[in-house]
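Visitor: Residues per chain are reported as follows:
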Amino acid sequence: MTPEELSKIASAQQETLKKYTHRIHVCVAAGCQSSDADKVKDALSAEVKAQGKEKCCLVKGVGCMGLCSAGPLVSVETGNILYQEVKPEDAKDIISSLDGEPVQRLICPTDIPFFSKQKKIVLENFGKIDPETIADYIAVGGYQALFQALTEMDPPEVINEVLKSGLRGRGGAGYPTGLKWSTVAKADSTRKYVVCNADEGDPGAFMDRSVLESDPHRVIEGMAIAAYATGADQGYIYVRAEYPLAIKRLKNAIKQAERQGLLGHNICNTTFNFNIEIRLGAGAFVCGEETALLASIEGKRGAPRPRPPFPAQSGLWGYPTLINNVETFANIPPILRNGGDWLAAIGTEKSKGTKVFALAGQVKNTGLIEVPMGIPLRQIIFEIGGGVPEGRKFKAVQTGGPSGGCIPEQHLDISTDYESLATVGSIMGSGGMIVMDETSDMVDVAKYFMEFCMSESCGKCTPCRAGTAQMHGLLDRICSGQAETRDLALLEELCDMVRNTSLCGLGQTAPNPVLSTLRYFREEYTMKLTDASAKAAAK
Amino acid sequence: MPALLGKPTMPSDDKRWRIVDATMRRNGYRQSALIETLHTLQETFGFLEEQGLRFVAQSLRIPVSMVYGVATFYNYFTLKPQGEHTCIVCTGTACYIKGAAALLSSIEGRFGINPGETTADMKLSVLTARCFGCCGLAPAAVIDRETAGKLTPSDIMDRLDRRISA
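Heads up: the sequence lines are chains C and A, in that order. Taking numbering that gives the first Met the number 0, the leading residue of the first sequence gets 0, the next gets one more, and so forth. Taking numbering that gives the first Met the number 0, the leading residue of the second sequence gets 0, the next gets one more, and so forth.
Fair warning: there could be bad hints in the mix.
[Said to hold, decoys possible] Each computed SDA-like pair below joins lysine to any residue, with the alpha-carbon atoms no more than 20 angstroms apart:
#1 C:Lys254 x A:Glu35
#2 C:Lys459 x A:Tyr73
#3 C:Lys299 x A:Glu35
#4 A:Lys149 x A:Ala101
Everything labelled a hint here was simulated from the structure, so no lab data went into it.
Construct the entire structure; sequences and hints are all you get.
Guide: Here is the structure:
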């Protein structure tokens, strides 16, 4: 395909869409699908037919619109109307109202902070394009960045734009993406690989799932650009088997891209070749760790290995391998389209761009949000999230999953960036953000995460395998009121040991939930202790 | 040792073995195809049985011990037959905060089974998952591949009863 052919597809699709005076978008991402969005879509299509409006009215499935708690969501693009909690029975009213007043009882206000405080870069096409139609993605400028890279830039120029943008890895650790790319590019090897880490294992996080379900081509485009920049010709997407819809849409997207010559041989009539294969995970949290992920792609048990050598030097089957997270790749096309400086102008000094968060737990508006880096946590929870429901009191927000920590009320004014979150004992992580209210028992929360780490430990190194089990045992004793002060001291000692001596990130960060709850909610631990010793003294 | 030379014969003339073989063939019988093949094996047979593991091991020329190691390492694979219906309760953080434990204990109270177990009449298996990524609809469960969100114990009982009696 040539750039001219690409713009031809784009304008043809734009024309097709313009023919419809009414375009109705139904969210068909996993969240809304479990609230029967498919049935809503079918009912709307049937109603359009029944009223004879096929020529002027288009019903199409689109990606996640963000406010999952109000799903299924339906938007009438032409009138800028958003409907919430739509049922199949509402189809008749919605279609009948198209030329008149919108259906008041279903309206979801779009001027609320949940929508207005967001800044969408990664999620820009969400709710707008059909994730199963490549022409829809091309119509909004898709694959232009890839063509621009292939025809106008040499690989070092591409890497330079990514470096300039200041983009850091969105998987959690925040390593500068441009640096990683240039390490792989400099590695001297006959073969190189690009791997997309879509093994979103953090419980409470669904950003990557939404990106894959709502805009899969963006990830493919980002990977292809990365392959061109680093000199790779084969890519793998390692995705969780628990995300059947994301897998289906990815497979479909790869097939479409291949058919259009956007993947395969001589892409854009250049000498650049690139193919992508999907590899399914099988339910092991540790496989989100890059060396474990590589072992799993090779068909082995997902056990991590010591670094160095880093995958950028020796990865898949010993060849240099670039591993980036889904959201990182999704940031690449807009960086090339708008230039690195454009992204660098958003966010804070050290954390550039935006971050997608999965907001969930005890908060009014749960769903997917994208905010500029540096926004205060309080704004995310109380303005975008709408605060804690039913008049209960906010207690803590958990970020970073089992590797992260709980942040209490007094630190809610910190800015949301990699460094600030670390100073209060948590991490940015991949983007899970769980709000807890006064009903949550923080020791039980720590025990929940420790149980997670204990059963997800791969068992390769002793500190993690045995340490997490011992810590879980201690937390269990504290929770059931059988522990004494020295048990708490032992727990703290173990945290220190496991953190400093484990082989990989899973073990090194496993104590974080305990440490952060101890830091801010120590009295909840000691209350359970004094109770026990008081009982012992009374005997 | 004919097993080491050439292709092993299929364990029986059950057509499902061809589906498993097709996955391996598509991947050129490379050892890296092991996890993909186990996914197919589980999808077609419902669980990983010993005969299947041995067949895959021979076909990909991997020791059975390694195949067993991979099959037991990953939570997604099960070596036990599953019931006619499966109910997977999400135990991710959002679901934990919103009461996944109450869903599980109501199932235990009604059917007498814990996660990972199947009722004696092989009607229902209960499993837990780390996270479905439906956190916006917590607590969530997947009953026979259908996701349901914002569940209460009575909701999940209704749904299970309907499935089982259907």
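Visitor: Of the numbered hints stated previously, which ones are contradicted by the structure, given in increasing order?
Guide: none
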